[in-house]
Amino acid sequence: MMKFRFRRQGNDPQRERIKQELFAFNKTVEHGFPNQPSALAYDPQLQLMAIGTKSGAIKVYGAPGVEFTGLHKDTAAVTQIHFLSGQGRILSLLDDNSLHLWEIGGKEGHSYLEEVRSFSLPGRPGIESTSATRVTVLLLKLNLDLLCVGTEGGGVHFLQLPTFSLLDRSLFHDEVMQSAPEEYKCGKSLGPVEALQEHPQQAEKILIGYSRGLVVLWDLNTRHVDNLFLGKQQLESLVWERSGNTFVSSHSDGGYLVWTVNSSTPCTHQPTTSTIPYGPFPSHGGMPRASYGDRHCLTILQDSTHVTLDFTSRVIDFFTVHCIDQEKEYDDPTSLVVLLEEELVVIDLATPGWPTIPSPYLAPLHSSAITCSYHISNVPSKLWERIITAGQSQSANQTHGVGDWPICGGRSVAPESKQKELLLTGHEDGTVRFWDASGVSLQPLYKLSTANIFQTDCDHNDSLTQAGEEEWPPFRKVGCFDPYSDDPRLGIQKICLCKYSGKLVVAGTAGQVIVMYLSDEKSDHMIDVATVDLLQDREGFTWKGHDRLPPKTGSVVFAPGFQPVVLVQCIPPAAVTAVTLHAEWNLIAFGTSHGFGLFDYHRRAPVLARCTLHPNDSLAMEGPLSRVKSLKKSLRQSFRRIRKSRVSGKKRAVQEANAQLAEQDAEMAPVQRRIEARSADDSLSGVVRCLCFADTFLRDGTHHGPTMWAGTNSGSVYAYALEVPSQEKFSEQSVEAVLGKEIQLMHRAPVVSIAVLDGRGNPLPEPYEVSRDLAKAPDMQGSHSVLIASEEQFKVFMLPKVSAKTKFKLTAHEGCRVRKVALVTFTSVSSEEYCENGLVCLTNLGDIHVFSVPALRPQVRYDCIRKEDISGIASCVFTKTGQAGQVAGGSVLSPGFYLISPSEYERFSLSARVITEPLCQVDVDRLHDLTVLRYSKLSHCLHLQFEHNEVFSLSSPFLESPNSSADLTLDTTGELTVEDVKDFLVYVLHLDTLYVSCGRAVYEGAVNDS
Amino acid sequence: MNRNPREPSAVEFGAEFRRFSLDRSKPGKFDEFYGLLQHVHRIPNVDLLVGYADVHGDLLPINNDGNYHKAITTAAPLLRLFLQRKEEADYSAFGTESLTRKKTPAALAAVLLRPDGNRKKPPIIISLPQDFRPVSSIIDVDILPETHRRVRLYKHGQEKPLGFYIRDGSSVRVTPQGLEKVPGIFISRLVPGGLAESTGLLAVNDEVLEVNGIEVAGKSLDQVTDMMIANSHNLIITVKPANQRNNIVRRGGRDASGSSGRSSDSGTSFYMASNAIAMTPSHIIQNFRPEEEEDSEDEEDLVIEGGGAAIPIGHVAASAGVTCSMPSLPRYEPHLNLRTSNGGMAASASMDTVSHKDQDMEVQAVARRSLEEDGTVITL
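Heads up: the protein sequence lines correspond to chains L and X, in order.
If you read the first sequence in my numbering, its first letter stands for residue 4, the second for the next number, and so on.
If you read the second sequence in my numbering, its first letter stands for residue 578, the second for the next number, and so on.
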């Protein structure tokens, strides 16, 4: 019969058409910061920035709203990205040794990013192994028509751009060796190509540096070695001086050599100068390496100004945004953009003090680990403005006088979103962050911290670290990534916001439930605390978990924004598992693994506490959270350790092999699954999973009134009839709760959601919506029903008798379990008048089903999240309901969000009608206009330096002018590994601004300013 | 006694003797009689084994309408009944031969009431037919390929675990294209004493083909696990037994004999070409109707009115035509003309042998029992 029902539905073309007009699944945009970035590039002409990730994604950003995402077919890490400046083309090199060319194309008035070509170097038959053709270095010629590819085998290949056609003039070892003097040959190979640099004046000449130390000036046209420089130390990098008369080579021993190019002597044996500046500097107030070894730093020097930016995570790469007019004497960099492993930091160099510029996108959502999320659509403009004001007052000191966002290529052509959407993220450190989710880029609006309500030792720690930083070097902390929570009990578990009254409930890991209201004024008051015992004198239970958080005593100052009304503390202080708010009735309901409570926050009085604990459930008293946390902590520590001790290539290979072995072992042992009915004795059966308030018929069919519903992990539903006094009597009369019904679902699966439907089968409106004319009044004539969604099935019961009306047994049919559900109103694309209610369900397999309500018939199914992505599935939030939009005449959004990585939300839409996605346009110039001035980072730098005779003496593999006159010395002491040196990037731009970056900061030594 | 053609009965229950009368011409149904006995002895909640002494002095059971009527007709005019608490019942006392030597009621009573210490080894207790309830069954044999077996396990809300594990594996099928290795789900372990083991219908390495009418092909181990758990109250699984020897040979069965289809290797079962054809969709037609299944005993969620008694959720008119068959409770029908006879009434102190609880407790016990029937235990 069931099958027949489906078939009939599927074959009805009329219904199919309606469904197409209602439902459509789209993943629209990714919010947040790309996980594991691995490469960075900037096109100063188009003013676009590209970030490559370890998962093979390329993300291009310009002005806010302008963003493109491209994904390589193979999930290999992007190791290098280069813009073909001005052309809207991007060249990427992956870890699997393939080269890819991407183009920003245009279609229907907006641009998109697509891969147009890819190329892998063919092996040289018979001679070289595959590793020999591994690309080590890329040189994009200034006129962008030729790509020089250096390989591990020592070959240099030439590819025509943009066609990727391999020119038949590859240069191999043997050809170079012929020109080398006999005594240099000594049978050794030249090693991989380590550096390729184009001659700053003569475009046909390139400088090729081999690992062994040999540097060759090669003429591309004549295929002739112009000069040989017989370096003997392992080479790391090469830098031209702008005139082309000298260049600098840096070496693995930390030294650098300056070579003079002299056309009359084709073979240079000795460099002009040689500096190997390593050496201990213990006498110079050097700091112990141990103290700073784990810092991630970048130093900016300008005249006597010296700032060491102390980042929160590893530096991937950086660039400056500056004037691209080469005729101008100075570059005048306006800003410095640093890509870190966990965030993007932009420093305003044009403003004294070098403040950071807040980023309009790439929000570091995960600055503290996200513990929960909550999305509200159609936010009333009044609340919106107040939140923005509160947020502005928070960031007033930071953003004052800061320059504009420097990366502003392209333009967004997406229509202005009609309604405001808020995304709230709860974090491990006890903060709740408010994000503007109305558009493509998620922007921070306001940050609420709950830590100041409690006595914690966080503040204490901060002052300690501050004190130590007065000394040299002048560290400055930048960035906000701070994943190390001082007290995991502060973690936010549940959030509920009433968008009409500005009331907010935030509940956390230690059983704290904080009722807050939005205040535009600063205030100074005591914290009202009420405790609710959820065990209700049950005997034989002793809580073995963490303690409650002690609230602050005395008066506390609260900034404008959300301020606490009352703190309700659950006893035992287990993590809050469900929370809901009814601002019109002044009630909150909350649940933990032990029971649930109802609290009147107007009178600050508990109304009800009910224990849901099963007598045999011992696990509920363990406070399992503490165990999880300690595991997490130790994991973190080990991650830190890994970061510290760099894993060499060989080690990595061994680890991978071990991992593979482990996988094989797992395959050997057969995985078994026990088949057993759910029993009442299952552990944690008392966990309260959902709570809901509704004005409906519980006791009889003629009198409706406030009710409260709670569902547990073991399939129990408790329904209470509430006596809520009228608004005028709130203060005198207390709220009463009487148990109306207890429902035990036969299949005992956890109750995921409860919702009451009115006489027409529509979900009841939110509090205030009816009284403020924002929604149609619910039908109180027809009989109401309650929709109970468990992990296994959906069921609609008629009220007040609680008789089963319709059901759908999802697990029995599909073998999947319900993870998240929401009631969503879908509006047809063909007519704004036509809409249907749907029950949207995300399953443990990561697919999304939509069912009709209240008939519970399956409508559509989409694959959404990979089933292996458990955290993605767990993080998914649906917009609660969108029905207010109907009446207000706006469009109804039906989006959802889930985390695709710890730092990124994927946004998806289920409605055929409204999609929030980036629509943007970038004008590109793909003519090969050779007169256009091009940008080359390193030759440019040198030019400036030499021209202005500004001199830096650096102990890093940096350069020193022969006419050295200044004497700012920056030294690093021993213990540097080859890899460390390799990671040094030295970069000079402005006449006297110097950037030194270490992949991992090794920053010891002192400034010698005599 | 003379005015009404009543059948006087003497009842022995434990050490308690009662006498009452019954209308011989309208004996009514066994259920009613059973209720009457419970009422007479004020033991409304005790399971009884009812026996009577026939004309030959044999102790014979009364457990259905048939033998009840037979007993009534044999009464001359007194019918001597023997009631035993079911858990203490001595089934060996029943039978035609067992008591021929001791024809006196006293002797009978002595047999029934002998002290525990004198008993020999407790015999295997086999319930009387009325107590039988299906624990498992093989269904749809008429429509399934003979190499398959569709087994139904009845959980009845009892505490006994289903007791089996499943695992991933692969089976080789013979198709017109040749041998094809396909992933499959297999029973990997039976828990000793579990329902699955005790039925004898499922065995380790049996391949699971369907769960409650839904094919498992293409589903992951976790999905199949969830499906089985979701259907655990009334689990119907179609298996291809690893050991094909026990299969019924039908119509001279082509090649159902012996081990041709038996899997030699533990993770693998072999499908013969004929089976592959037999697996065409026409064979997936279900003989049982899932609707009927789930709407009967499976889906009775329990609603407790605030402070009141538990009532199972029935079905509203929308799903009319579906009968709700709650496990019937022992009903007590007052129209039975219940009257204890005056004579020989021995309301003795031996009442205590039937451990009566006070009235409230029993009401509660009834309520709990009804819950247990549903497989739910509610702390009231």
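Be aware that one or more of the hints could be misleading.
Taking lysine-lysine pairs in the DSBU-like style, the calculated list, with each CA pair at most 30 Å apart, reads [stated by the list, open to error]: (1) L:K547 with L:K480; (2) X:K606 with L:K808; (3) L:K779 with L:K804; (4) L:K525 with L:K555; (5) L:K804 with L:K22; (6) X:K732 with L:K804; (7) L:K235 with L:K191; (8) L:K810 with X:K732; (9) L:K450 with L:K779; (10) L:K808 with L:K732; (11) L:K547 with L:K525; (12) L:K810 with X:K737; (13) X:K737 with X:K663; (14) X:K758 with L:K870; (15) L:K525 with L:K385.
Simulated DEER-style distance windows between Cβ atoms [stated by the list, open to error]: (16) X:K606 with L:Y865: 32 to 38 Å; (17) L:S134 with X:K758: 35 to 41 Å; (18) X:K758 with L:G785: 33 to 39 Å; (19) L:S874 with X:R710: 43 to 49 Å; (20) X:P753 with L:D684: 50 to 56 Å; (21) L:L74 with X:R710: 56 to 62 Å.
Computed footprint of chain L on chain X; a stretch qualifies when at least three of its residues, placed anywhere within it, have a C-beta under 8 Å from a C-beta of chain L [as the list claims (entries may be wrong)]: (22) 625 to 632; (23) 736 to 749.
These are computed hints drawn from the structure, not numbers from a lab.
Note that beta-carbon positions come from the ideal geometry of N, C-alpha and C, so glycine has one too.
Hint check:
Between the alpha carbons of K547 (chain L) and K480 (chain L) the distance comes to roughly 39 Å, so the proposed pair goes past 30 Å and is violated. Under the criterion of a C-alpha separation no larger than 30 Å, the hint pairing K606 (chain X) with K808 (chain L) is inconsistent with the structure, at around 36 Å. For the hint linking K779 (chain L) to K804 (chain L), the alpha-carbon distance of about 26 Å falls within 30 Å, and the restraint holds. The suggested pairing of K525 (chain L) with K555 (chain L) holds, with an alpha-carbon distance near 18 Å, which does not exceed 30 Å.
For the suggested pair K804 (chain L) and K22 (chain L), the alpha carbons sit about 33 Å apart, so the restraint of at most 30 Å is broken. Distance hint between K732 (chain X) and K804 (chain L) is fulfilled; the C-alpha atoms sit about 28 Å from each other, no more than 30 Å. A hinted pair counts as satisfied when its Cα atoms are at most 30 Å apart, and K235 (chain L) with K191 (chain L) qualifies at roughly 12 Å. The hinted pair formed by K810 (chain L) and K732 (chain X) meets the criterion: a straight-line CA distance of about 22 Å does not exceed 30 Å.
Pair hint K450 (chain L) plus K779 (chain L) does not hold up; C-alpha atoms about 34 Å apart against a cutoff of 30 Å. For the given pair, K808 (chain L) sits about 38 Å from K732 (chain L) by alpha-carbon distance, which is inconsistent with the 30 Å threshold. Under the criterion of a C-alpha separation no larger than 30 Å, the hint pairing K547 (chain L) with K525 (chain L) is inconsistent with the structure, at around 39 Å. Between the alpha carbons of K810 (chain L) and K737 (chain X) the distance comes to roughly 28 Å, so the proposed pair stays at or under 30 Å and holds.
Using a Cα cut-off of 30 Å, the hinted pair K737 (chain X) and K663 (chain X) holds, with the two alpha carbons roughly 20 Å apart. Annotation: proposed proximity of K758 (chain X) to K870 (chain L) holds, straight-line Cα distance about 25 Å (limit 30 Å). The suggested pairing of K525 (chain L) with K385 (chain L) holds, with an alpha-carbon distance near 19 Å, which does not exceed 30 Å. Against the hinted window of 32 to 38 Å, the Cβ-Cβ separation of K606 (chain X) and Y865 (chain L) comes to about 58 Å, which falls outside the hint.
Taken as a hint, the range 35 to 41 Å holds for the pair S134 (chain L) and K758 (chain X), whose Cβ atoms sit roughly 36 Å apart. Restraint check, K758 (chain X) to G785 (chain L): a C-beta distance of roughly 57 Å breaks the suggested window 33 to 39 Å. Distance hint check for S874 (chain L) and R710 (chain X): the Cβ-Cβ separation is about 46 Å, which falls inside the suggested range of 43 to 49 Å. Judged by the Cβ atoms, the range 50 to 56 Å given for P753 (chain X) and D684 (chain L) holds: they are separated by roughly 51 Å.
In this structure the supplied range 56 to 62 Å holds for L74 (chain L) paired with R710 (chain X), their Cβ-Cβ distance being about 59 Å. Given as covered by chain L, the region 625 to 632 of chain X fails the check, having 0 residues with a CB less than 8 Å from a CB of that chain where 3 are the minimum. Chain L is given as covering the region 736 to 749 of chain X, and this holds because 9 residues of the stretch bring a CB closer than 8 Å to a CB of that chain, at least three being needed.
Violated hints for the displayed structure, listed by number in ascending order: 1, 2, 5, 9, 10, 11, 16, 18 and 22.
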